[in-house]
Amino acid sequence: MNFYNAAYPRDLVGYGGKPPYANWPHGAKIAVQFV
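All the letters of the sequence shown, read from the start, carry residue numbers 14 to 48 under our numbering.
Everything labelled a hint here was simulated from the structure, so no lab data went into it. We treat Cβ as the ideally placed atom computed from N, Cα and C, and that holds for glycine. Be careful, since some hints might not be right.
Stated by the list, open to error - Cβ-Cβ distance ranges computed for the label pairs, FRET-style: (1) A20 with A41: 23 to 31 Å; (2) A20 with F47: 22 to 30 Å; (3) V45 with D24: 37 to 45 Å; (4) A20 with G40: 23 to 31 Å; (5) L25 with Q46: 22 to 30 Å; (6) I43 with A20: 19 to 27 Å; (7) A44 with R23: 23 to 31 Å; (8) A20 with V45: 31 to 39 Å; (9) R23 with Q46: 33 to 41 Å; (10) K42 with A20: 34 to 42 Å; (11) A41 with Y21: 31 to 39 Å.
The whole structure should be built from the sequences, with the hints applied where relevant.
What follows is the structure, encoded as C-alpha cells:
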C-alpha cells in the first residue's frame with residue numbers, strides 16, 4: 014500500500030486566520046459539557 018497516494022476522507026484546510034466566533038450567553042468565555 015502506498016501511503017503517499019492514499020485518499021484521506023477529511024478536509025484539513027482548517028480555519029486559517031478566521032477562527033469561528035462563538036456568542037455565548039451573558040458574555041461567558043468558556044463552555045463545559047458533562048456527559
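Structure-based check of each hint:
1. As the Cβ distance of A20 to A41 is approximately 40 Å, the hint placing it in 23 to 31 Å is violated.
2. About 37 Å separates the C-beta atoms of A20 and F47, a value inconsistent with the hinted range of 22 to 30 Å.
3. Range check, V45 to D24: Cβ separation about 28 Å, and the 37 to 45 Å hint is violated.
4. For the pair A20 and G40, the beta carbons lie near 43 Å from each other, so the given range of 23 to 31 Å is not met.
5. Judged by the Cβ atoms, the range 22 to 30 Å given for L25 and Q46 holds: they are separated by roughly 25 Å.
6. Separated by about 37 Å at the C-beta atoms, I43 and A20 break the suggested range of 19 to 27 Å.
7. For A44 and R23, the hinted distance range of 23 to 31 Å is satisfied, since their beta carbons lie about 24 Å from each other.
8. At about 37 Å, the beta-carbon gap between A20 and V45 stays in the expected band of 31 to 39 Å.
9. R23 and Q46 have their C-beta atoms about 23 Å apart, which leaves the hinted 33 to 41 Å range violated.
10. Under the hint 34 to 42 Å, the C-beta atoms of K42 and A20, about 39 Å apart, fit the expected range.
11. Look at A41 against Y21: about 35 Å separates their beta carbons, and that is inside 31 to 39 Å.
Checked against the numbered hints above, the structure violates hints 1, 2, 3, 4, 6, 9; every other hint is satisfied.
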